[in-house]
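J.: Working from the sequences, and respecting the hints, build out all of it.
Number of protein chains: 2
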Amino acid sequence: MRLYTGLVHHPVYNKNREKITSAVTNLDLHDISRLSRTYGVKNFFVVTPLTDQQEFTKSLINHWKSGFGASYNVDRKEAIEVIEITASIEEAVFKIVEIEGERPVIIATCASEVKGSINFSKAKEIINSNKAVLLLFGTAWGLHDDAINSADFVLKAIKGNSDYNHLSVRAAAGIIMDRLTGHYI
Amino acid sequence: MRLYTGLVHHPVYNKNREKITSAVTNLDLHDISRLSRTYGVKNFFVVTPLTDQQEFTKSLINHWKSGFGASYNVDRKEAIEVIEITASIEEAVFKIVEIEGERPVIIATCASEVKGSINFSKAKEIINSNKAVLLLFGTAWGLHDDAINSADFVLKAIKGNSDYNHLSVRAAAGIIMDRLTGHYI
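The listed protein sequences correspond, in order, to chains A and B.
My numbering numbers the first residue of the first sequence as 20 and each following residue consecutively.
My numbering numbers the first residue of the second sequence as 20 and each following residue consecutively.
Treat the hints with caution; some may be incorrect.
Which copy is meant is left open, because identical chains are indistinguishable; a pair holds if it fits in one copy or across any two.
What the hints assert, rightly or not - Below, computed lysine-lysine pairings styled on DSSO-like, alpha-carbon distance capped at 27 Å:
#	residue 1	residue 2
1	K34	K96
2	K61	K114
3	K84	K178
4	K96	K178
5	K34	K84
6	K38	K96
7	K178	K143
8	K134	K150
9	K114	K38
10	K175	K143
11	K38	K175
12	K175	K96
13	K143	K61
14	K61	K96
15	K178	K134
Hints are computed from structural coordinates only; laboratory data are not their basis.
T.: Structure (structure tokens):
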């Protein structure tokens, strides 16, 4: 498995469906890096073009990697080490090309139904074919159409047992990683 | 399906495996109420014996149910409505007895392996048999043995694709609800 995850802060939608850059959230980084580490993801890209947000992310990483946090909680250190910061989705792709020697298949995730989206079995098949794959999650009100359209595939939305589908990106990322790579009886 | 969830703040362990009461966390309530709503859970019990923490939880609920939040974000209102506050696991059980007319089967979750734990198929079978079920999640360093021992069953720990198993309770709750009640191709 050569799976990469990306948490996109730009381009995403706000509540009024305007194109924005969202703020990086401490909790998102912890939860999704721990998920990425658990499910054997090679790198978790935190995508933000804002230099102050990149600096914030760096300081968080340093706190847990070599600051007080590193000795206080070694489990967080281990998770945080999976994080890479990039200014754009394209830069994350470029970093993967450098590591893997090939362009990854980009699978975007979305909370609403997108025409032509692929189901979980199909996405699993792609990951298991040992292609390099970049799985993108959108913050705020989700990935902007620019990000959706530039992806190779869009994954079906998570449907639970109700008509309610407003999960946090942290929870959705966990469910999706588990569905695509988890094994259990 | 007559499924209930409970987020336990006492009795749980701290880092040094002492019995403590953890603080209620805003994000946990949002994420797990949204998950509970998505997966058709009847009530999500926030379990804390501390009256100040109960008050905090009540004010959070009121903000989203009838305060500014109710008109700002109706999706949160819908999720938050699933929350019930109780002082203990036993009180949550008592409330379920009042609703369902029977004692629920209590399934505790745990990040480490517990002897005699049941697998996901077995837990799914119990839920699908239409018994009332209370699924318990522990905050901090996990459910105290007192809670584990008083449960009818303990669910197998989530294993990903690595030896790392330090998920946030928010992420773990999502993965577990999806494994036990989710449907997808």
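J.: Which hints, by number, does the structure contradict?
T.: none
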